[in-house]
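Using the sequences and the accompanying hints, generate a full structural model.
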Amino acid sequence: MEPLIKSLDSHYCDSLTQYSRRKTIPVKVGDVIIGGDNPIVVQSMTTVDTMDTFGSVEQCIRMIDSGCELIRITAPSIKEAENLRNIKAELRKRGYHTPLVADIHFTPNAAELAARIVEKVRINPGNYADKKKFEVIDYTDASYAEELDRIRDRFLPLLKICKENGTAMRIGTNHGSLSDRIMSRYGDTPLGMVESALEFLRICEDEKFFDVVISMKSSNTQVMVQAYRLLVQKLNEGGFKPYPLHLGVTEAGEAEDGRIKSAVGIGTLLEDGLGDTVRVSLTEDPEFEAPVAKALIDRYATRAEHASIPEINHYPITPFEYTKRQVSEIYNFGGHNVPRVIADISKVEKITDREMKAVGHFYLPELDKWKMNDLGSDFVYSGSNPIPFMLPNGMKEIQDVSVWEKAPDQINKFPLFNINQYREASRFHSELNFLEIEDTEIVQVIPAVAGRKDTILILKTSNSHSMPALRRAFVSLLEAKCDLPVVVKVSYSDQTADMTMLYSATDVGGLLVDGLGDGIMISLEKEGDHTRQEVLEQIKLHNSVSFGVLQAARTRMSKTEYISCPSCGRTLFDLQETTAMIRKRTDHLKGVKIGIMGCIVNGPGEMADADYGYVGSGKGKITLYKGKEVVKKSVPSEKAVDELINIIREDGMWNEPETI
651 MEPLIKSLDS
661 HYCDSLTQYS
671 RRKTIPVKVG
681 DVIIGGDNPI
691 VVQSMTTVDT
701 MDTFGSVEQC
711 IRMIDSGCEL
721 IRITAPSIKE
731 AENLRNIKAE
741 LRKRGYHTPL
751 VADIHFTPNA
761 AELAARIVEK
771 VRINPGNYAD
781 KKKFEVIDYT
791 DASYAEELDR
801 IRDRFLPLLK
811 ICKENGTAMR
821 IGTNHGSLSD
831 RIMSRYGDTP
841 LGMVESALEF
851 LRICEDEKFF
861 DVVISMKSSN
871 TQVMVQAYRL
881 LVQKLNEGGF
891 KPYPLHLGVT
901 EAGEAEDGRI
911 KSAVGIGTLL
921 EDGLGDTVRV
931 SLTEDPEFEA
941 PVAKALIDRY
951 ATRAEHASIP
961 EINHYPITPF
971 EYTKRQVSEI
981 YNFGGHNVPR
991 VIADISKVEK
1001 ITDREMKAVG
1011 HFYLPELDKW
1021 KMNDLGSDFV
1031 YSGSNPIPFM
1041 LPNGMKEIQD
1051 VSVWEKAPDQ
1061 INKFPLFNIN
1071 QYREASRFHS
1081 ELNFLEIEDT
1091 EIVQVIPAVA
1101 GRKDTILILK
1111 TSNSHSMPAL
1121 RRAFVSLLEA
1131 KCDLPVVVKV
1141 SYSDQTADMT
1151 MLYSATDVGG
1161 LLVDGLGDGI
1171 MISLEKEGDH
1181 TRQEVLEQIK
1191 LHNSVSFGVL
1201 QAARTRMSKT
1211 EYISCPSCGR
1221 TLFDLQETTA
1231 MIRKRTDHLK
1241 GVKIGIMGCI
1251 VNGPGEMADA
1261 DYGYVGSGKG
1271 KITLYKGKEV
1281 VKKSVPSEKA
1291 VDELINIIRE
1301 DGMWNEPETI
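Numbering (the numbering used here), first residue to last: 651 to 1310.
Treat the hints with care, since some could be wrong.
Just the calculated beta-carbon pair ranges, DEER-fashion [what the hints assert, rightly or not]: (1) R800 with G985: 48 to 54 Å; (2) K1271 with D803: 34 to 40 Å; (3) E708 with T1146: 43 to 49 Å; (4) G985 with F704: 56 to 62 Å; (5) N759 with G705: 22 to 28 Å; (6) A905 with K1271: 25 to 31 Å; (7) E708 with F1012: 41 to 47 Å; (8) G837 with K891: 24 to 30 Å; (9) E1184 with D948: 23 to 29 Å; (10) N1023 with S727: 34 to 40 Å; (11) R744 with E1184: 14 to 20 Å; (12) D803 with E1227: 39 to 45 Å; (13) D935 with L1017: 40 to 46 Å.
With a Cα cut of at most 27 Å, we get these calculated DSSO-like pairs of lysine-lysine [unchecked claim]: (14) K884 with K858; (15) K1240 with K1282; (16) K1190 with K1289; (17) K1176 with K1190.
Bear in mind the hints are in silico, worked out from the structure with no lab data behind them.
Note that CB positions come from ideal geometry on N, CA and C, so glycine has one too.
Following this line, the structure appears as structure tokens:
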């Protein structure tokens, strides 16, 4: 296998410090142009059965009205592909001209028909010309070349039709559905994902067909980010045209988790100027996806105007592989510890023990004891409003140094300094001190903390290009060989809960996927005046989002993870209802990953990271998996959740939920 990276300075974006969107060739899809100098395009996918013409049309209209600029519809067989003609005609009749994309898996004949009807077809290189059997095959160079010739023969008819009809194409690689051929040669890796697409792209270029968009989707945000970056490098190295990129995290899930996970993957790439069209995959009605995608995209409308950030001459981080920044262990930060969550409660005066439930700690007065849920914060920052009661074990308080110096307890409370206070201080906590700094102060901070083994840096920025500004500060620490743990602090002016989820996930998650950061703190400092209850609700949101970002970035698993597809016309059961039902029964299983897939297309492959799987295999029938192994087939849907729990129980991963 060739190495993933040839040097640490490998090129995957225009700049690591100056916002600059990657310039691509434009690809025309009906009246919409993806790439070039055109705005990033929002798209989504229908969930209604493709054979339900009017149901599909009504849903398309709701999606268009919510901001969707491209609509993808599944065409699993010839009959669905043919019905795309009726859906398109009815939309045009009603005055809607939004381009349609046919989503194809396993069925080249359906793709060839759809390419004559709609403006774009999406093929999955993992299953367009291959049937996955999960076999490891020892290919010689000659036998591998024969496989590529077979793919070419299967693929050429579609290319000819696309060229004749002006139909664009997306080559959409999915991490979980790589072919046995790719898996055998490259393994389950970002490189395998890239090569899967390049096999088909080389054929396109040989045939002078360039109306191509490429995607590298995964439910694992680290893998997804690495694959897109590696794709861009391989396109540059291989002399390919700069094709537009379709960004998406597969099976992101629902509600807060789905939004955060999508933003960690998509937002990280948008920060570096990658991405020309975006689809946010939520287990919700598709009209709720476009506004989330647009909220992510809109952050970059004026991003190029950001304050300057010092250039990075040598990038000491491998962008195609996860490597955790090596730091000293100080108290319970760094080393082998998971990233910590610091909750900001500084705007609540004389907080009560009952109000600590906002940060996941529950006081039970009848028992005079504390309980903590899986989202119990590790530290609370009280600022100048010290907590007037004894905290539970497992949570500690951080105070402004001016308060700490006068506190009766200077052992179990910890001080927060700014750089001037730190330099002038005559007294520190013997084990743990916090130093809050701006990214622009990093050069003067490094000598001030040299040799210290009692200090955690809390790093923030005022730069609108937040993630790269913070990343630049981490590079300075790496260059200076400063190994102090760093908590990333972000704060936002009053905004919606969705925006807090998306912005935090981008600004902090983008660092975490590169192994940077030993904690997260979402601060209240930029927010306006609110009632006490409103502030507590905001603290609760920040605490939940903090844990969600750490989980989505795969750096701290604190709750059950649901890898659930966003539903489409292939789905064999109500995904939203089923996901809610499974979540209700299993959401206490900390760190367990459960895949919930509507059909076999999104089945064992797409659940590559799941511990257990629940997959539709027929009307009213469910197939249950342990990893990629089928455990039970054709289970009646009314019994399937109980059977899933029995499998988890037999595997020793079940515990009974506690009541708080």
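Evaluation of the provided hints:
Distance hint check: the CB atoms of R800 and G985 are about 51 Å apart, consistent with the given range 48 to 54 Å. A C-beta distance of roughly 35 Å is found between K1271 and D803, which places it inside the suggested range of 34 to 40 Å. For E708 paired with T1146, a C-beta distance near 27 Å fails the hint of 43 to 49 Å. G985 and F704 have their C-beta atoms about 60 Å apart, which keeps the hinted 56 to 62 Å range intact.
At roughly 25 Å, the beta-carbon separation of N759 and G705 lies within the given 22 to 28 Å, and the hint holds. With their beta carbons about 27 Å apart, A905 and K1271 fall inside the hinted range of 25 to 31 Å. Checking the proposed 41 to 47 Å range against E708 and F1012 shows it holds: the Cβ atoms sit about 45 Å from each other. Checked against the given bound of 24 to 30 Å, the beta carbons of G837 and K891, roughly 28 Å apart, stay inside it.
Checking the proposed 23 to 29 Å range against E1184 and D948 shows it holds: the Cβ atoms sit about 25 Å from each other. The supplied range of 34 to 40 Å is broken by N1023 and S727, whose beta-carbon atoms lie about 46 Å from each other. The supplied range of 14 to 20 Å is broken by R744 and E1184, whose beta-carbon atoms lie about 43 Å from each other. For D803 paired with E1227, a C-beta distance near 43 Å keeps the hint of 39 to 45 Å intact.
At about 43 Å, the beta-carbon gap between D935 and L1017 stays in the expected band of 40 to 46 Å. Pair hint K884 plus K858 holds up; C-alpha atoms about 19 Å apart against a cutoff of 27 Å. For the hint pairing K1240 with K1282, the CA-to-CA distance comes to about 24 Å; that is within 27 Å, so the pair holds. Between K1190 and K1289, the direct Cα distance comes to roughly 36 Å. Violation of the 27 Å bound is thereby established for this hinted pair.
Using a Cα cut-off of 27 Å, the hinted pair K1176 and K1190 holds, with the two alpha carbons roughly 17 Å apart.
Violated hints for the displayed structure, listed by number in ascending order: 3, 10, 11 and 16.
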